[in-house]
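Chemist: This is what each chain is made of:
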Amino acid sequence: MAKTMEQTTERKARGQVAEIWHQFSRNKGAMVGSFIVLVIAFIAIFADVLLDYDTQVVGQNVAERLQWPSAAHWFGTDELGRDIFFRILYGTRFSCSVGLVAVSIGLVIGVTLGAIAGFFGGALEEVIMRSTDILSAVPNMLMAIVIVSVLGQSIWNLMLAVGITSVPQFVRITRAAVLTVRNQEYVEASKAIGLTNGKIIFKHILPNCLSPIIVQATLRVASAIISASSLSFLGLGVPAPAPEWGSLLSGGRKYIRDYSYMTLFPGLAIMITVLALNMMGDGLRDSLDPKLKK
Amino acid sequence: MHRYIIKRLLLMIPVIIGVSFLVFFIMDLAPGDAVDLMAPEGATAEDLMAIRHDLGLDQPVVIRYIRYMGGMLHGDMGISYVSKTDVFDTYMQKLPATIKLSFASILVSVLLSVPLGIYSATRQGTIQDNISMVLAMIGLSMPNFWLGLLLIIAFSLHIHLFPSGGDQTLSAIVLPALTIGTGLMATLTRTTRSSMLDVLKQEYLRTARAKGIPEKTVVMSHALRNALIPIITIIGTQLAGVLGGSVLTETVFAWPGVGRLIVDSLNMRDTPLVTGSIIMTTILLSIVLLLVDLLYAVVDPRIKAQYIIKRGRKKRG
Amino acid sequence: MAEQKDMVLEMENLNVKFVLEEETVEAVNGISLHMRTGETLGLVGETGAGKTTTALSILKLIDSPPGVLECDRMEVCGQDVLKMTTSELEHIRGSLVSMIFQDPMTSLNPVFTVGQQIAESLERHENLNKNDAWKKAEDMLELVGIPRERAIEYPHQFSGGMKQRVIIAIALACSPRLLIADEPTTALDVTIQAQILHLMKELKEKRNTSVIMITHDLGIVAETCDRVAVMYAGRIIETGNLDEVFNHTKHPYTEGLFNSLPNIKKRKHKLQPIHGLMPDPTNLPKGCAFAPRCNYATEACKERRPELMGFGGTHQAACLAYEQAGFHIERGKTNG
Numbered sequence: 001m002a003k004t005m006e007q008t009t010e011r012k013a014r015g016q017v018a019e020i021w022h023q024f025s026r027n028k029g030a031m032v033g034s035f036i037v038l039v040i041a042f043i044a045i046f047a048d049v050l051l052d053y054d055t056q057v058v059g060q061n062v063a064e065r066l067q068w069p070s071a072a073h074w075f076g077t078d079e080l081g082r083d084i085f086f087r088i089l090y091g092t093r094f095s096c097s098v099g100l101v102a103v104s105i106g107l108v109i110g111v112t113l114g115a116i117a118g119f120f121g122g123a124l125e126e127v128i129m130r131s132t133d134i135l136s137a138v139p140n141m142l143m144a145i146v147i148v149s150v151l152g153q154s155i156w157n158l159m160l161a162v163g164i165t166s167v168p169q170f171v172r173i174t175r176a177a178v179l180t181v182r183n184q185e186y187v188e189a190s191k192a193i194g195l196t197n198g199k200i201i202f203k204h205i206l207p208n209c210l211s212p213i214i215v216q217a218t219l220r221v222a223s224a225i226i227s228a229s230s231l232s233f234l235g236l237g238v239p240a241p242a243p244e245w246g247s248l249l250s251g252g253r254k255y256i257r258d259y260s261y262m263t264l265f266p267g268l269a270i271m272i273t274v275l276a277l278n279m280m281g282d283g284l285r286d287s288l289d290p291k292l293k294k
Numbered sequence: 001m002h003r004y005i006i007k008r009l010l011l012m013i014p015v016i017i018g019v020s021f022l023v024f025f026i027m028d029l030a031p032g033d034a035v036d037l038m039a040p041e042g043a044t045a046e047d048l049m050a051i052r053h054d055l056g057l058d059q060p061v062v063i064r065y066i067r068y069m070g071g072m073l074h075g076d077m078g079i080s081y082v083s084k085t086d087v088f089d090t091y092m093q094k095l096p097a098t099i100k101l102s103f104a105s106i107l108v109s110v111l112l113s114v115p116l117g118i119y120s121a122t123r124q125g126t127i128q129d130n131i132s133m134v135l136a137m138i139g140l141s142m143p144n145f146w147l148g149l150l151l152i153i154a155f156s157l158h159i160h161l162f163p164s165g166g167d168q169t170l171s172a173i174v175l176p177a178l179t180i181g182t183g184l185m186a187t188l189t190r191t192t193r194s195s196m197l198d199v200l201k202q203e204y205l206r207t208a209r210a211k212g213i214p215e216k217t218v219v220m221s222h223a224l225r226n227a228l229i230p231i232i233t234i235i236g237t238q239l240a241g242v243l244g245g246s247v248l249t250e251t252v253f254a255w256p257g258v259g260r261l262i263v264d265s266l267n268m269r270d271t272p273l274v275t276g277s278i279i280m281t282t283i284l285l286s287i288v289l290l291l292v293d294l295l296y297a298v299v300d301p302r303i304k305a306q307y308i309i310k311r312g313r314k315k316r317g
Numbered sequence: 001m002a003e004q005k006d007m008v009l010e011m012e013n014l015n016v017k018f019v020l021e022e023e024t025v026e027a028v029n030g031i032s033l034h035m036r037t038g039e040t041l042g043l044v045g046e047t048g049a050g051k052t053t054t055a056l057s058i059l060k061l062i063d064s065p066p067g068v069l070e071c072d073r074m075e076v077c078g079q080d081v082l083k084m085t086t087s088e089l090e091h092i093r094g095s096l097v098s099m100i101f102q103d104p105m106t107s108l109n110p111v112f113t114v115g116q117q118i119a120e121s122l123e124r125h126e127n128l129n130k131n132d133a134w135k136k137a138e139d140m141l142e143l144v145g146i147p148r149e150r151a152i153e154y155p156h157q158f159s160g161g162m163k164q165r166v167i168i169a170i171a172l173a174c175s176p177r178l179l180i181a182d183e184p185t186t187a188l189d190v191t192i193q194a195q196i197l198h199l200m201k202e203l204k205e206k207r208n209t210s211v212i213m214i215t216h217d218l219g220i221v222a223e224t225c226d227r228v229a230v231m232y233a234g235r236i237i238e239t240g241n242l243d244e245v246f247n248h249t250k251h252p253y254t255e256g257l258f259n260s261l262p263n264i265k266k267r268k269h270k271l272q273p274i275h276g277l278m279p280d281p282t283n284l285p286k287g288c289a290f291a292p293r294c295n296y297a298t299e300a301c302k303e304r305r306p307e308l309m310g311f312g313g314t315h316q317a318a319c320l321a322y323e324q325a326g327f328h329i330e331r332g333k334t335n336g
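Chains A, B and C, in that order, give the protein sequences. According to my numbering, the first sequence is numbered sequentially starting from 1. According to my numbering, the second sequence is numbered sequentially starting from 1. According to my numbering, the third sequence is numbered sequentially starting from 1.
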């Protein structure tokens with residue numbers, strides 16, 4: 001008895017953040033995932049310190065073209081003699097930034113609209129939610145393809161397209177979370193003391209809806225990276241010669257018969273990144289929302 | 001129940017109008033139009049203007065949209081700018097290939113994931129469970145088109161078991177269906193497992209066991225039927241997803257389906273064909289999702305009761 | 001000892017614990033039960049005393065892992081349950097022994113009609129074909145006071161009391177020798193409670209079924225039972241026939257239960273609740289589990305665990321205080 005009492009008080013004293021960390025750190029998958037994410041983030045940030053873009057990443061060296069993996073070129077070389085390992089390393093920067101920026105776009109637009117819909121209700125909510133329905137009635141991939149092919153092929157349009165298609169989910173999640181928080185007493189109290197609506201939304205409601213939004217954002221970065229590389233694979237992404245992973249795959253596909261390593265490694269890079277993000281997101285969900293834990 | 005179906009069908013109309021509006025205007029934002037792309041070498045500006053006039057492209061976008069929707073009301077989805085064929089017919093020509101691939105993929109996914117999910121749930125926390133969950137996670141994280149490429153390398157280039165593309169032979173469907181199916185598997189296995197885990201905790205299973213029902217029947221009949229709703233939801237969403245065009249897989253395997261049609265017509269700035277195909281896809285998806293909702297009623301009598309109450313019939317007390 | 005064939009249940013020294021990641025819950029600690037045909041035993045105790053776990057153990061329905069069941073002897077109608085294979089167990093569940101659960105709201109499968117749920121065990125245990133099983137299921141519904149036409153309806157179309165009737169129909173469909181009723185009326189309205197108890201009593205007498213009535217309600221025990229066993233922290237602390245336990249109470253805990261009962265005839269008297277809570281089953285005290293809450297407890301009670309000892313007839317209680325000559329508990333003033 002006494003022992004459990006001590007444990008509970010101890011846990012309370014540690015506070016919410018510490019408790020979440022405690023849960024998270026016990027999840028091996030989540031820890032491995034987070035570690036890989038950190039390593040990838042490091043590579044993405046310092047790619048230009050690690051490698052010289054002009055000579056090592058896009059510089060052609062026809063003498064060494066189409067070499068199978070070796071000690072000199074770990075992942076082999078492509079049809080222009082460029083080292084695939086270096087290109088994948090540098091590509092981290094493109095894929096991750098597309099994923100992050102796209103999700104940020106979706107997050108900002110979606111959370112704002114969702115919060116407005118949930119907080120004000122009425123006709124405004126109706127308009128926002130019906131527009132969301134329309135946007136999500138078209139399959140995400142199709143919508144993204146339409147947007148990029150219309151706006152033209154560039155990294156910004158790629159981010160925009162993937163970002164827009166992730167708006168509906170953020171709208172729905174935020175609205176649902178706001179709805180559950182809206183009628184709680186501390187929100188009533190803030191209204192009573194005369195805070196402006198904007199202050200109430202951003203200071204009192206949103207911070208209390210953060211968990212599902214954070215989890216969704218993490219998992220969305222993962223799927224945004226896949227979407228972005230898919231669009232690049234179709235030739236609708238980052239223009240050549242930038243070493244975006246999807247473009248690398250698209251390039252490798254032409255040589256799939258005889259040089260299959262060109263197809264293997266870029267895909268592996270995508271998979272590992274996405275896997276790490278998914279494991280991290282799953283762990284976050286389990287620790288942020290203990291109710292969902294099985 | 002009929003009234004519920006009609007209501008749902010009516011609700012599709014504003015969504016279709018919204019989608020067509022959205023696509024039509026996004027297409028209008030594009031620099032250049034179909035005429036630029038298909039004009040013969042050396043055509044003069046006047047020639048181009050004449051073609052535009054013929055196609056009605058010299059009109060403002062709002063006028064074109066209203067005209068287009070007017071045609072839609074009569075069931076006329078317009079004529080492709082490029083091939084000059086009827087949009088509806090062109091779409092319908094490509095649809096069977098997509099449907100065939102969709103159902104084959106769903107079949108692969110369901111046959112593998114549902115048993116695996118049940119197996120994992122009944123052995124929660126064991127090594128087998130952990131391994132299948134890790135595999136599901138890996139499947140979830142694999143870009144689908146990459147998996148397709150790997151399958152081509154393994155089964156088509158190395159051991160020449162299946163063709164790498166086209167839809168001429170029956171065996172051609174194997175690799176694309178496996179590609180899409182494996183991609184769907186991850187989500188479906190996880191859903192089946194978590195839904196089963198929820199149900200396996202329920203007290204009515206204890207009642208069934210106390211009646212002497214064999215464990216296998218308890219799991220496969222008593223538990224599974226209660227776990228079906230989330231499983232059906234995911235299968236339905238996935239079916240809608242692949243019917244909407246698995247653009248990537250269709251590209252990788254040169255599968256002549258709807259996804260490829262849309263991408264090709266986008267490249268040609270063929271607005272009527274793009275808009276028409278996307279509207280058709282939206283309608284198709286809405287119908288699939290409606291069918292899923294109706295299937296709920298078959299599976300769960302409580303949901304059926306709700307639909308019937310909506311119709312206003314008095315419940316027996 | 002009665003004749004062997006007369007015994008429905010013989011259970012010696014049952015121990016059940018749940019081994020969890022961080023702790024071990026000792027739910028049942030050495031319980032023995034013996035029941036004759038036609039007898040009704042009341043198993044009384046607070047929530048968490050291990051009553052349900054004991055009941056589930058008879059059918060071997062304890063989830064394992066985390067449950068670990070140990071028992072010296074467990075025979076149902078002369079058949080050794082401990083040696084049975086899974087399929088043999090599945091054959092006696094619902095036919096020799098059946099069980100009624102506490103919450104009728106969650107105990108019926110929402111996606112099958114009530115008729116199907118009754119017919120299912122008939123098909124399984126009585127080798128009836130679909131039609132005959134269905135007819136007999138309808139008969140069972142009528143027996144528990146539900147019109148037979150309602151067999152095609154689903155659980156959500158029934159009220160709580162009606163659902164419990166359905167559950168009784170399921171439990172009795174194959175005429176079990178032993179019926180375990182786990183708080184069958186706790187979740188029901190008071191008026192419905194009386195109906196259900198009446199129904200159970202009537203059916204039990206008609207079929208000469210033995211019943212284990214698990215409850216925390218002494219009123220129900222007085223109403224329906226021949227014998228009583230009072231459980232506390234996974235042990236039986238007092239047992240005997242109704243008269244012995246109710247009118248010659250030996251254990252301070254049993255006495256406490258009586259003193260906590262409101263008495264409508266003497267409303268001026270204050271209730272005397274038992275202070276404190278049941279001990280944590282993951283961390284049971286070394287001595288008597290009730291000692292921390294007991295008014296009569298001595299130092300010895302904290303050190304040594306009392307065993308059941310006889311008080312004449314079938315009456316037994318586990319309390320160290322009786323080792324001192326002349327000890328007797330004081331009947332609470334609120335009891336009549």
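No wet-lab data here; the hints were simulated from the structure. Don't take every hint at face value.
[To be verified] Computed footprint of chain B on chain A; a stretch qualifies when at least three of its residues, placed anywhere within it, have a C-beta under 8 Å from a C-beta of chain B:
(1) 102-113
(2) 216-230
(3) 257-265
[Said to hold, decoys possible] 27 Å max Cα-Cα, derived BS3-like pairs, lysine-lysine:
(4) B:Lys-216 to C:Lys-136
(5) B:Lys-201 to C:Lys-60
(6) C:Lys-204 to C:Lys-135
(7) C:Lys-136 to C:Lys-201
(8) C:Lys-135 to C:Lys-201
(9) B:Lys-304 to B:Lys-7
(10) C:Lys-60 to B:Lys-216
(11) C:Lys-136 to C:Lys-206
(12) B:Lys-304 to B:Lys-201
(13) B:Lys-201 to B:Lys-216
(14) B:Lys-7 to A:Lys-28
(15) C:Lys-286 to C:Lys-270
(16) B:Lys-216 to C:Lys-135
(17) B:Lys-216 to C:Lys-130
(18) C:Lys-206 to C:Lys-135
(19) C:Lys-60 to C:Lys-201
(20) B:Lys-304 to C:Lys-60
(21) A:Lys-191 to A:Lys-203
(22) B:Lys-216 to C:Lys-83
(23) C:Lys-60 to C:Lys-204
(24) C:Lys-83 to C:Lys-60
(25) C:Lys-204 to C:Lys-136
Note that CB positions come from ideal geometry on N, CA and C, so glycine has one too.
Chemist: Next step is simple, just say for each hint if it's right about the structure.
Modeler: Status of the hints after comparison with the structure:
| no. | hint | in the structure |
| --- | --- | --- |
| 1 | 102-113 | violated (count 0) |
| 2 | 216-230 | holds (count 4) |
| 3 | 257-265 | holds (count 4) |
| 4 | B:Lys-216 to C:Lys-136 | holds, 25 Å |
| 5 | B:Lys-201 to C:Lys-60 | holds, 17 Å |
| 6 | C:Lys-204 to C:Lys-135 | holds, 22 Å |
| 7 | C:Lys-136 to C:Lys-201 | holds, 21 Å |
| 8 | C:Lys-135 to C:Lys-201 | holds, 24 Å |
| 9 | B:Lys-304 to B:Lys-7 | holds, 16 Å |
| 10 | C:Lys-60 to B:Lys-216 | holds, 17 Å |
| 11 | C:Lys-136 to C:Lys-206 | holds, 17 Å |
| 12 | B:Lys-304 to B:Lys-201 | holds, 24 Å |
| 13 | B:Lys-201 to B:Lys-216 | holds, 16 Å |
| 14 | B:Lys-7 to A:Lys-28 | violated, 49 Å |
| 15 | C:Lys-286 to C:Lys-270 | violated, 33 Å |
| 16 | B:Lys-216 to C:Lys-135 | holds, 26 Å |
| 17 | B:Lys-216 to C:Lys-130 | holds, 20 Å |
| 18 | C:Lys-206 to C:Lys-135 | holds, 21 Å |
| 19 | C:Lys-60 to C:Lys-201 | holds, 26 Å |
| 20 | B:Lys-304 to C:Lys-60 | violated, 37 Å |
| 21 | A:Lys-191 to A:Lys-203 | holds, 12 Å |
| 22 | B:Lys-216 to C:Lys-83 | holds, 21 Å |
| 23 | C:Lys-60 to C:Lys-204 | holds, 23 Å |
| 24 | C:Lys-83 to C:Lys-60 | holds, 11 Å |
| 25 | C:Lys-204 to C:Lys-136 | holds, 18 Å |
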